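Below are the chains, spelled out letter by letter.
There are 2 protein chains.
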Amino acid sequence: MSDPTEANEPKKERGLSNLAVRLLTAAVAIPALLWMLFLAPAWVFSCFGVVAAAAGAVELAGMTLGGERLLSGWLVLATMAVTAVVVFTPSAEALLTLMVGLFVTGPLVILLRPAPLEKAGLRMGWLIAGPLYVGGAIGAIATLHHLERGGTWVVLAMALAWGSDTGGYFAGRAFGKHKLYELISPKKTIEGAIGGLAAVVAFGLVIGSQWLPGVPLWHVVVLSLLAGAVGQAGDLCVSVVKRSTGVKDSGFLIPGHGGLLDRIDALMFTAAVTLLYTHWALRLPATVPHLF
Amino acid sequence: MSDPTEANEPKKERGLSNLAVRLLTAAVAIPALLWMLFLAPAWVFSCFGVVAAAAGAVELAGMTLGGERLLSGWLVLATMAVTAVVVFTPSAEALLTLMVGLFVTGPLVILLRPAPLEKAGLRMGWLIAGPLYVGGAIGAIATLHHLERGGTWVVLAMALAWGSDTGGYFAGRAFGKHKLYELISPKKTIEGAIGGLAAVVAFGLVIGSQWLPGVPLWHVVVLSLLAGAVGQAGDLCVSVVKRSTGVKDSGFLIPGHGGLLDRIDALMFTAAVTLLYTHWALRLPATVPHLF
Chain A
1054 MSDPTEANEP KKERGLSNLA VRLLTAAVAI PALLWMLFLA PAWVFSCFGV
1104 VAAAAGAVEL AGMTLGGERL LSGWLVLATM AVTAVVVFTP SAEALLTLMV
1154 GLFVTGPLVI LLRPAPLEKA GLRMGWLIAG PLYVGGAIGA IATLHHLERG
1204 GTWVVLAMAL AWGSDTGGYF AGRAFGKHKL YELISPKKTI EGAIGGLAAV
1254 VAFGLVIGSQ WLPGVPLWHV VVLSLLAGAV GQAGDLCVSV VKRSTGVKDS
1304 GFLIPGHGGL LDRIDALMFT AAVTLLYTHW ALRLPATVPH LF
Chain B
1054 MSDPTEANEP KKERGLSNLA VRLLTAAVAI PALLWMLFLA PAWVFSCFGV
1104 VAAAAGAVEL AGMTLGGERL LSGWLVLATM AVTAVVVFTP SAEALLTLMV
1154 GLFVTGPLVI LLRPAPLEKA GLRMGWLIAG PLYVGGAIGA IATLHHLERG
1204 GTWVVLAMAL AWGSDTGGYF AGRAFGKHKL YELISPKKTI EGAIGGLAAV
1254 VAFGLVIGSQ WLPGVPLWHV VVLSLLAGAV GQAGDLCVSV VKRSTGVKDS
1304 GFLIPGHGGL LDRIDALMFT AAVTLLYTHW ALRLPATVPH LF
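Sequences listed follow chains A and B, in order.
Mapping of the first sequence onto the working numbering: residues 1054 to 1345, in sequence order.
Mapping of the second sequence onto the working numbering: residues 1054 to 1345, in sequence order.
Extracted from the complex, chain A is given alone in its bound form (with noise of 0.2 Å):
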């Protein structure tokens, strides 16, 4: 797996090493993301998620559409349809009207893009799957930041997801001996997983104790046990699709860091959960922003 793939050349030629390209991202995207999270107007965040649900839409059609040009453009529009109306309209009728346009509409997408026929069957199920998968998770954490401290819930759902990476990294290095599911993804280590829960459970009592007043710590700390687990699981479900279908990389959207799916995957399942967790379990109030 070192030799170097499509994403990385072009880089090499502009003459950056990875971890420059790296670095260099990471300084001009995380004072963006805080200025969006803290500062800027509510639609601000809301947009940007619509537009990263389009980015991340990209990216699946790639894995899972073959990339053919009609099917990825509805699968981008869904996409895009899905976190705008979760986003900035989450009533009844709308959420109803969206599930039952989805299954609608995938489906007569792929009797105009039918071949090859055993591809069909694979690419009407994430016609219908895709928006819901990237769309609804994306729609998640644009929707956490609806929440009263909105920033500062996503936040602490990124640190469920970065956090447990990080954690298990370290803890994996260190202690790592027991293959936690070799098929899908050999490297991890079921000490590897434990560190990552620990480290999740202190990310979020530093984040619950420090700017989440209110919410009870052991809250936090269920939430972030929850949370952790699902998020460890949902990266490797991202692994099972790029191995199913054959893909390396889910994208190369973010320079030196891979595709935007590959990023966020353990957020996408942490914010779902999250989210979940402040509507049921706490009865947070979420205010939709206007745009208009």
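Be careful, since some hints might not be right.
Repeated chains share a single entry, so a pair holds when one copy, or any two copies, can fit it.
Dumping the calculated BS3-like pairs for lysine-lysine here, alpha-carbon to alpha-carbon at most 27 Å [as the list claims (entries may be wrong)]:
{"hint": "1", "residue 1": "Lys1172", "residue 2": "Lys1240"}
{"hint": "2", "residue 1": "Lys1172", "residue 2": "Lys1230"}
{"hint": "3", "residue 1": "Lys1232", "residue 2": "Lys1172"}
{"hint": "4", "residue 1": "Lys1172", "residue 2": "Lys1295"}
{"hint": "5", "residue 1": "Lys1240", "residue 2": "Lys1230"}
Just so you know, these hints were derived from the structure itself, not from any lab.
Values in this document were obtained by computation on a predicted structure and should not be read as measured data.
Position chain B against the provided structure of chain A, taking the given hints into account.
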């Protein structure tokens, strides 16, 4: 395609011709259906919808999950959950929870049964898409029943689905020359499709003028053409999945009539279009039945 399918063989052993089985089944099913649609308490048809959704999910699992037990079981439960939420508690929070729950749990279940890995991408897609497709479509049929004169609306959606089939069959036999979509359905002709549309408009006008007072007839014509066309396409969609996955019949649930999905493939789409039309174009209110 004239060799007997597995589904036909047990019937022959019982010594009944296929036609006799079909007629007997219809003689039981049609009165039962009419009773549920027009005479029984509202929740009976809604509950029937949830049960039918489970049966449809079993068939879809056979087509897309290779019948794998754990995955199929999860698909059936998730599909029933979608229909139940759409039918009994279509609130914004329930629908959003459903959407988020679907894309989180589907991929997680795949991690428990990833083999064969080359099928995992297809299966993960359908674990998310299937509940939306079968559960949402049957939910749409059951939701039509929530409208004032709900029984008549369901009969209209059925007439638009099966009228198109029947009209298309006779028009195709009489005038059929030009193939409609040879790759997927070699027997269908353009003349048949036009005849099918003529038949649904005729059926729509009869039902609309006699039993749906207050709905302008031009709306009935527009709805009939829209739903008729989408229904014909929906008919082709199940064929695409079957041909793509190498399955011939979706199931053998209805004696003499093949699988449930085979029977209702067009209805799933005409009901969805009819529901969206009654909501967005006619603005008809729906009343959710109370179970308890």
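Could you place lysine 1172 and lysine 1230 in one of the four classes (within, between, both, neither) given a Cα distance threshold of 27 Å?
Neither way: lysine 1172 and lysine 1230 sit 39 Å apart in one copy and 30 Å across, limit 27 Å.
Within, between, both or neither: lysine 1240, lysine 1230 at alpha-carbon 27 Å
within (10 Å within a copy, 60 Å between copies)
Using 27 Å as the alpha-carbon threshold, which applies to lysine 1232 and lysine 1172: within, between, both, or neither?
between (33 Å within a copy, 23 Å between copies)
When no copy is specified for lysine 1172 and lysine 1295, does a C-alpha distance of 27 Å or less occur within a copy, between copies, both, or neither?
both (15 Å within a copy, 12 Å between copies)
With 27 Å as the alpha-carbon cut-off, assign the pair lysine 1172 and lysine 1240 to within, between, both or neither.
The answer is between: 23 Å across copies meets 27 Å, while 31 Å in one copy does not.
The structure fails hint 2 only (numbered hints given earlier).
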